[in-house]
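Chemist: Modelling step: build the complete structure from the supplied sequences, incorporating the hints.
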Amino acid sequence: MIENWNDVHIVPEFSDQGVDCYRLAGGSFVNEYYIVSEAETRKLMNHPEVVGYEVYASLVTATSQMMYYLKEQKKITSANILSILRGALNYPLEESCYKEHIRVHDISFMSSERVFGENDEMSLDIKYCKLTMVPNSTLMIGDIIASGETLVQCLRYVTDYYRKQDAKLRNILLFTIGGTQGIEILEKLTKEIRTYWPDFEGFITVYYEGVFSCYEEGDKGVSGINRALIDFYWKGGIVAPEFRRQTLSMQNPLFEKCTIYDGGARRYEIHEHIEEVLEFWNGILARADKIDKQALLEEKLGHALPISYEDWLKDCHYEKLDAKLTRWLYQQERGFVESLKDVTLEEIAHQRIDEFTTTLQKYIL
Numbered sequence: 001m002i003e004n005w006n007d008v009h010i011v012p013e014f015s016d017q018g019v020d021c022y023r024l025a026g027g028s029f030v031n032e033y034y035i036v037s038e039a040e041t042r043k044l045m046n047h048p049e050v051v052g053y054e055v056y057a058s059l060v061t062a063t064s065q066m067m068y069y070l071k072e073q074k075k076i077t078s079a080n081i082l083s084i085l086r087g088a089l090n091y092p093l094e095e096s097c098y099k100e101h102i103r104v105h106d107i108s109f110m111s112s113e114r115v116f117g118e119n120d121e122m123s124l125d126i127k128y129c130k131l132t133m134v135p136n137s138t139l140m141i142g143d144i145i146a147s148g149e150t151l152v153q154c155l156r157y158v159t160d161y162y163r164k165q166d167a168k169l170r171n172i173l174l175f176t177i178g179g180t181q182g183i184e185i186l187e188k189l190t191k192e193i194r195t196y197w198p199d200f201e202g203f204i205t206v207y208y209e210g211v212f213s214c215y216e217e218g219d220k221g222v223s224g225i226n227r228a229l230i231d232f233y234w235k236g237g238i239v240a241p242e243f244r245r246q247t248l249s250m251q252n253p254l255f256e257k258c259t260i261y262d263g264g265a266r267r268y269e270i271h272e273h274i275e276e277v278l279e280f281w282n283g284i285l286a287r288a289d290k291i292d293k294q295a296l297l298e299e300k301l302g303h304a305l306p307i308s309y310e311d312w313l314k315d316c317h318y319e320k321l322d323a324k325l326t327r328w329l330y331q332q333e334r335g336f337v338e339s340l341k342d343v344t345l346e347e348i349a350h351q352r353i354d355e356f357t358t359t360l361q362k363y364i365l
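The letter at position 323 of the sequence shown is residue 323 when you use our numbering, and the numbering goes up by one with no holes.
Take the hints with a grain of salt, since some may be wrong.
Once the Cα atoms are required to be at most 25 angstroms apart in a straight line, the calculated SDA-like pairs of lysine to any residue come out as [said to hold, decoys possible]:
no., residue 1, residue 2
1, K314, Y56
2, K235, D125
3, K235, E192
4, K43, K362
5, K220, A265
6, K320, E333
7, K188, L85
8, K43, G27
I should point out that these hints are in silico values taken from the structure, not numbers from a laboratory. A quick note: this is a predicted structure, and the numbers were derived from the prediction, not measured.
Modeler: Laid out in structure tokens, this is it:
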């Protein structure tokens, strides 16, 4: 776990054109971390029904607004995009740069695959690489970060390439739907990079809607269905207050298997995404009577219930937010918990299966 994580809190950075941005403070980080929230990204995370091109389109407004903010802060001067295939294709970095009049000098491409050897040992293999160098630039990347192994391997490859050419990067801007492990990895990586580029400014990481957590190794969650090091949920993370408010205004999104599911499948292999979502909800249906609903609810909210306002504030890392907002959100959560008392997991599963198959009927063979 990240050192001093309990001391970390979010502070409002800006609110503009429907985009709310928060900065992570109090953690003595060597890098900058932001959480950005916007209507379309909230919809993407709370509705696995959002598929295909809409996955990409959902991220445009939030990404463009962050690009504008970082350009105004003089944190981006010359830009260079690294596209780690194929996760990067979901992120509208080039389009957002174009909208915000940031010149993209070049785009590099890289493809990294997980390779399983004897005893199921996993390594990463770079299958395709076309790198272009833009010295002293901001390297921009869009990627889902769960364990972060792929990202680290690709970044080491890129920094080695720059060093061989006797060039360096100014900073690295990362847009991600990702988890807390990303912060741990990037903190270590910055220290490593500064051993050979002492004036490297570090990473600026923009998380959409929250810094989530992954289920840890060997943990399949209360439902027994979750996948370790892959599925994202709230516990131990920090979510934007707007995202919390929207999620808890509906009955079912909190119980989804993963906050984002597989980004590549959602966009390109929609049938696989549909299978994964339905497999999960059918799994919940099959074992609904064996799952402890209260324990599942506590796991998904991220804390034991009941919880005092003071403890809730700390658990959410909301101590620096406006008290009127946090009091309201606390009461909303209490109302949400109360409203579930007469609802069974079986009913929730049936409802989700119905909603999902009705909405995505045209993709179901």
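Chemist: Taking the earlier hints as the rules, which of them does this structure contradict?
Modeler: As far as the earlier hints go, 1, 2, 3 and 8 are violated by this structure, in ascending order.
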